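Could you slot chain F onto chain C? The hints should help.
Read off the chains here:
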Amino acid sequence: DAGVIQSPRHEVTEMGQEVTLRCKPISGHDYLFWYRQTMMRGLELLIYFNNNVPIDDSGMPEDRFSAKMPNASFSTLKIQPSEPRDSAVYFCASSQGVFSYEQYFGPGTRLTVT
Amino acid sequence: DAKTTQPPSMDCAEGRAANLPCNHSTISGNEYVYWYRQIHSQGPQYIIHGLKNNETNEMASLIITEDRKSSTLILPHATLRDTAVYYCIVRVRNTDKLIFGTGTRLQVFP
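Chains C and F supply the protein sequences, listed in that same order. So for the first sequence, the numbering used here puts the first residue at 114; every next one is plus one. So for the second sequence, the numbering used here puts the first residue at 7; every next one is plus one.
These are computed hints drawn from the structure, not numbers from a lab. All of these numbers come straight from a predicted model, not from anything done at the bench. Hints may be right or wrong, so weigh each one.
Unchecked claim - Only pairs whose alpha carbons sit at most 30 angstroms apart, straight line, appear in this in silico DSBU-like list of lysine-lysine:
#: 1; chain 1: F; residue 1: LYS75; chain 2: F; residue 2: LYS58
#: 2; chain 1: C; residue 1: LYS137; chain 2: F; residue 2: LYS103
#: 3; chain 1: F; residue 1: LYS9; chain 2: F; residue 2: LYS75
#: 4; chain 1: C; residue 1: LYS181; chain 2: F; residue 2: LYS103
#: 5; chain 1: C; residue 1: LYS191; chain 2: C; residue 2: LYS137
#: 6; chain 1: F; residue 1: LYS75; chain 2: C; residue 2: LYS191
#: 7; chain 1: F; residue 1: LYS58; chain 2: F; residue 2: LYS103
#: 8; chain 1: F; residue 1: LYS9; chain 2: F; residue 2: LYS103
#: 9; chain 1: C; residue 1: LYS181; chain 2: C; residue 2: LYS191
If we strip away everything but chain C, and leave its shape as in the complex, we get:
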């Protein structure tokens, strides 16, 4: 398996623009997680899905952020409108089974909002 795939790897955009980050989890994994990492706040869990259904979105910072998982092999994290403080590395991770101990992380998307 190729592992968790994220695209794009780097994104530079201007404040106010819409940004869409994409993730393909490992085939057969039924949990998908979105994290954000900054120097100031470290690694934060934004939202996670089980069988394509959002389970906990308490980490989503505000209404500008939304996440979807239309099928088992694809998820998006959208920021609209983007702001400079959204600049961060966004990681997607997937895992298999209930209370699985291992989450597999993707390489991340480095987002810069100017």
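The following block gives chain F in isolation, referenced to the frame of chain C:
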């Protein structure tokens, strides 16, 4: 909030054992301890986990104290490639949420 406390940084000589401590004094009886690491610019990587007993795999050993209030991750023969930030995590009870703290930055030197 993270339920663990770790030293911010540690050094280790290449070839020596690296012992990374973690305090989790408020851990509940059925909560597991997990260790992940993050090498610069990469996504975090799972290392090991445990509940009560000591655990060992091909990467590391995990020693959990009898009262479960602390643990130690041991890399038996550290290499330069083990330089990374190591996170000790207690999984939120009855959920799949991992709350990452600030971790320990391990620097392995030649």
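Cross-check of the supplied hints:
1. Restraint check for LYS75 of chain F and LYS58 of chain F: satisfied, since their Cα atoms lie roughly 10 angstroms apart, inside the 30 angstroms limit.
2. Distance check on the hinted pair: LYS137 of chain C and LYS103 of chain F sit about 20 angstroms apart at the alpha-carbon level, within 30 angstroms; holds.
3. In summary, the hint linking LYS9 of chain F to LYS75 of chain F is supported, as the alpha carbons are separated by about 11 angstroms, within the 30 angstroms threshold.
4. Among the hinted pairs, LYS181 of chain C with LYS103 of chain F is consistent with the structure: their alpha-carbon atoms are about 18 angstroms apart, no more than 30 angstroms.
5. At roughly 15 angstroms between alpha-carbon atoms, LYS191 of chain C and LYS137 of chain C fall within 30 angstroms of each other, so this suggested pair holds.
6. Distance check on the hinted pair: LYS75 of chain F and LYS191 of chain C sit about 40 angstroms apart at the alpha-carbon level, beyond 30 angstroms; violated.
7. As the CA atoms of LYS58 of chain F and LYS103 of chain F are separated by approximately 20 angstroms, the hinted pair is consistent with the 30 angstroms bound.
8. A distance of roughly 12 angstroms separates the Cα atoms of LYS9 of chain F and LYS103 of chain F; the hinted pair therefore holds under the 30 angstroms criterion.
9. Between the alpha carbons of LYS181 of chain C and LYS191 of chain C the distance comes to roughly 8 angstroms, so the proposed pair stays at or under 30 angstroms and holds.
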